[in-house]
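**Q** What follows is the residue order along each chain.
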Amino acid sequence: MPYAIELLNITKRFARTVANDNVTLRVQSGSIHALVGENGAGKTTLMETLYGLYQPDAGKIRIHEKEVSIRTPHDSITLGIGMVHQHFMLVPPLTVLENIVLGAETTSHALLDLRKTTAEISELASRFGLSVPLTEKVENIGVGTQQRVEILKAIYRKADILVLDEPTAVLTPQESVQLFRILSELKEEGKTIVLITHKLNEVMAISDHVSVMRKGKIVGEVETARTTPQDLAQMMVGRPVLLRVEKGEKKPGGPMLVVNDVSYVDRRGIGVLKNLSVEIASGEILGIAGVEGNGQSQLAECIAGLLKPTSGSITIDGIQIVGLTAHEVFARGLAHVPEDRIKRGLVIDMNIKENMILGMHAQQRFSSRLALNRKAITENARLLITKFDVRPMDPEAIARGLSGGNQQKVIIARELSRNAQVIVASQPTRGVDIGGIEFIHRTLVQARDSGKAVLLVSADLNEILSLSDRIAVMYGGRIVKVFPDNKVEESELGLYMTGSKGNAAQEAQGD
Amino acid sequence: MDGKKHWLEHPATQNFLIPILAVILSFAVGAIFILIVGQNPLEVYSILFSQTLGTSYGVGQLLFKTTPLIFAGLSVALCFRAGLFNIGAEGQLQMGAFVTALVGMYTFGVPAFLEVPLLILAGMVGGGVWGFIPGYLKAKTGAHEVINTIMLNFVAAALVSYFVTNVYNVPATVHTPPIAPTGRLSRFDTVFAGFAGSPVNFSILIALLAALFVWYYIDRTRYGYELRVVGLNPKAAEYGGISVSKNIILSMTIGGAIAGLVGTNFVMGYKYYFEEGFSTGTGFMGIAVALLGNNNPFGVILAALLFGMLEYGGLVINTMVPKELVSILQAIVIIFVISSNKIFRRILVNFLKKRTLSIND
Amino acid sequence: MISQIFSLAFLAQTIRITVPYSLASLGGVYSERGGVVNIALEGIILNGAFCATVGTYYTGSALFGVICGIAGGLLTALIHAVVSIHIKADQIISGIAINLFAVGITKFVLEILFHSSSNSDRIPGLPHIHLGFIENQPDVARLLGNPLVLLTIIIVIASQFIIFKTRFGLRLRAVGENPEAADTVGISVTLYRYYGVLISGVLAGLAGAWLAFDQHSFTDGMSAGRGYIALAAMIVGKWNPLGAAAACLLFGFAESLQIQLQGAGLPTQFIQMIPYVATIIVLAGFIGKAVAPGADGVPYEKEK
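Residue numbers (this note's numbering), protein chains in the order written: chain F, 466 to 976; chain X, 52 to 412; chain E, 11 to 314.
With the rest of the complex left out, here is chain F:
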């Protein structure tokens, strides 16, 4: 069968990372091709390069066996490529119809010819089972419908190649089933589909071929019929050498952080946490494994008082903390390493010493009733800088100028200096160099050894496996499995993380 897409030796570098490293991907015409891999493996970058949002530093693109140059989305649209981005590219106050025709409008006498267009789109919609309310504003329709709008948008532009980036991330199981039905229809019509996902049950259910990416490279390509979720999971997470972490026997005490039956519904009305319960004892590290976007961030923010759970209770050492402000939760004994250090954890234009008192600035040791105690603040920074080996060793250095690892050290130093009983660490080593990772890992283990309860949220399985005393897997807003120790195969974890095993898989089969 001829190829619809050929990406040949594509390399794309960003400031600090190589997102795509000499990647070659061929997609057969009229097939559904799954592109799987962990977060940050380079899947989205590769597809956005195809769509003209990025220019590759090296490599060639061939569409329908002809070499092409794609400089802008306009070029790729002309070539018949459509992309449904993970974050929908819709204009909320415009109607569905207006969104679909935007940039490809039909006009008569300078006015939009909506009647003709409506007929055309209705015909397309019914052909592919893409029911959408054309006159409704996009801001008033659900995400499932928005996604159908995005697909219609692409088809209306006569796309015969359709790229979907994590299309089921925002969908309910029922909506996902519906989406797959639509994708099959599109395939029947001869369209080529690339599906970016990390959910292996979806890959097995719908794709013809699957390519696996890891750390910017394609590490495997197989026919779906000839592989198993186990094999794919193994390819996805890879088998690099485990980082060694010196760790003694755990001596857990009583439950310190107790999350009981917590649900959280976000602003768009989507249930992100669903009756989630989990307990962490003092003196243990509980690792939460899971692909990002399954509610981990919201769980951490609910505990830290930054989000208010819709229902349920959270206690630290028996004291209820739901409904308290972030400041009050800190006072009850929480330390929080937030997942996004630039957005949340640091004031990037302030210096190290000022960042090291964030959330503690009102404490007596740093401030009288009015004036800041500058000496104590500088002294505190000096101490923490030495203890945590932050570079540069200058309390006055602006956070923006620090490397990712050192920025993270500033946050961890600050959070551990709170002397909290519970430490919530979200993605503590993301974007941190090897040396930094080791240091941060040692620090977390030390905290655990000194009797603290540590909740570690990480998308990095190596980290979860090497640090955790127990491992919980999150999928779809729930804890789907808790392993009593860290002696578990990665591929086994991978199956739970991708919804192939656990409650979610059973649920999907039940539908």
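Please note that a few of the clues may not be correct.
What the hints assert, rightly or not - Reference excerpt, derived from the structure (chain F facing chain E, CB under 8 Å, subset only):
id	residue
1	GLU471
2	PRO538
3	MET554
4	LEU555
5	VAL556
6	PRO557
7	PRO558
8	LEU567
9	ILE735
To be verified - Label-pair restraints from in silico Cβ distances:
id	chain 1	residue 1	chain 2	residue 2	range
10	X	ALA79	F	GLU585	53 to 61 Å
11	F	THR843	X	LEU260	50 to 58 Å
12	X	ALA163	E	ASP149	54 to 62 Å
13	F	SER778	X	THR192	29 to 37 Å
None of these hints come from the bench; they were simulated from the model.
A virtual CB, placed ideally from N, CA and C, is assigned to each residue, including glycine.
Guided by the hints, dock chains X and E onto chain F, whose structure is given.
**A** Just chains X and E now, kept in the frame of chain F:
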């Protein structure tokens, strides 16, 4: 990389360099306007400088014009540091000056050591209330402070106009009756004869104190720390347990109170009454002053001196060139400052890239 | 007394005031629908008025004056467009600077050309179309027959169509609401933002021309806050052409009422406040929701 940076890359250098470049460039553009009128730019500029900085009377005039600009600039700068855009300094200073005069009218017989602080406080309350309103609306309803402060400028103008023409009017004028004599601030020429005739008065010391206060508050207190965190990263503030809405209201109120001190110069130090139209866009000029001063209290003083010099300088050169030349200069300075921040950094990035490339080759 | 106030002359007065508000306010709608906050309206009006005066004075042609007014507005808007869209500098500060600049430059040139710092020499008004039916009210007839009045009405109605029913309007709104989405379907964000700002220059320039012809001269600072009222009307009208024009009519009505009452010796400052207080109330969400375009005031930075 934590390695050595090119000296041009340091923020301090840029903060210092950009305003100076902007001023030089705007004088260069101004020269074109002078040439159009058929005059010699060098001659005009030399008169501009010598007549303002070269005589004690000129200096006195310059300082008199500088004082309200310091207050307005500080007001805008403080709000800027909290991430807020206070375009309402004009309304706040109107309200402040009016309340100063109002209280001054009713407190005859109060000794000076009470009357002076009382009137200063009155100005702060008048301006503070006018800053509180947009701050409160922003914190509670999310209404953008830019539009609200613009609207409140006009409301303030109408309000003081109503009182001055309908309630507290000296017939055939647009000003109020005078304040109590004990509320007056001395002019400099009562102490230093050199300033004779110029209206500069001791309110400039209040302005310098206000600058000192703003610096101390922002840099040295925990409230200032909170204000800066909110201004630089509201999400981190939330994370650190700092109330964003409380700080928005507080900063706008303090900003308004500082702008309200403008009355010390005009009402307490110069005319001893409130007059409709006494401020000709001082509040707007405060934005320029804050910008040029890089939102730093001491930078504000320097920028206010420059703008004060230009304001008086316009009158000095009026015989050769229409005095509006200085308004044009002021506007161009602003445009250059906001543009050069972006352009300069872009050029710098390209320049450094090329340099690294050639080193690597 | 009521009938005295609400006479034909009162109607004429209201229209006279409303026309420049509406033109400038529509300008604001175009600019902000495309995502560029335009506080520079005030300065654009002033420069438009000045250029219209100068153009008419030197050629004697009112039509040429109108064209000059539009050109003046356009050039002023161009500065705002370059600073806001290309350089991506702060749009609000740019607007304020342009307003200061307009005050300075008009007075500067006024002194050179007319040797006065307050007003220009007299210029003729706009020729008007003869309307037979109200010849007994010459002032009113002259006003209603004024081509700019007719043009304004046409522009208001046409704008409603342009913004909501044409391809141009759809793209302009998309660019102002979610530039990234517009970019991914191949629409040039830069181009459409320029269109928006430049149209605001044309319309506010025209508003300035109206003022000049209405007063038969240019006087120093004659925009007198009209740009800000236009901005207020745009918000009260929720960024819709018809809504903005209706708000302008309301404000114009209030202002002419104020002028009538002034004659009666009543304090008028409170009526004067109506537009501003109305805007604050609307913005606070007390009357429905006033939501600015999603990307209003935010420069579009493409991630690379």
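**Q** Going through the earlier hints one by one, which of them does the structure break, listed in rising order?
**A** Per hint list: 1, 9 and 11 violated.
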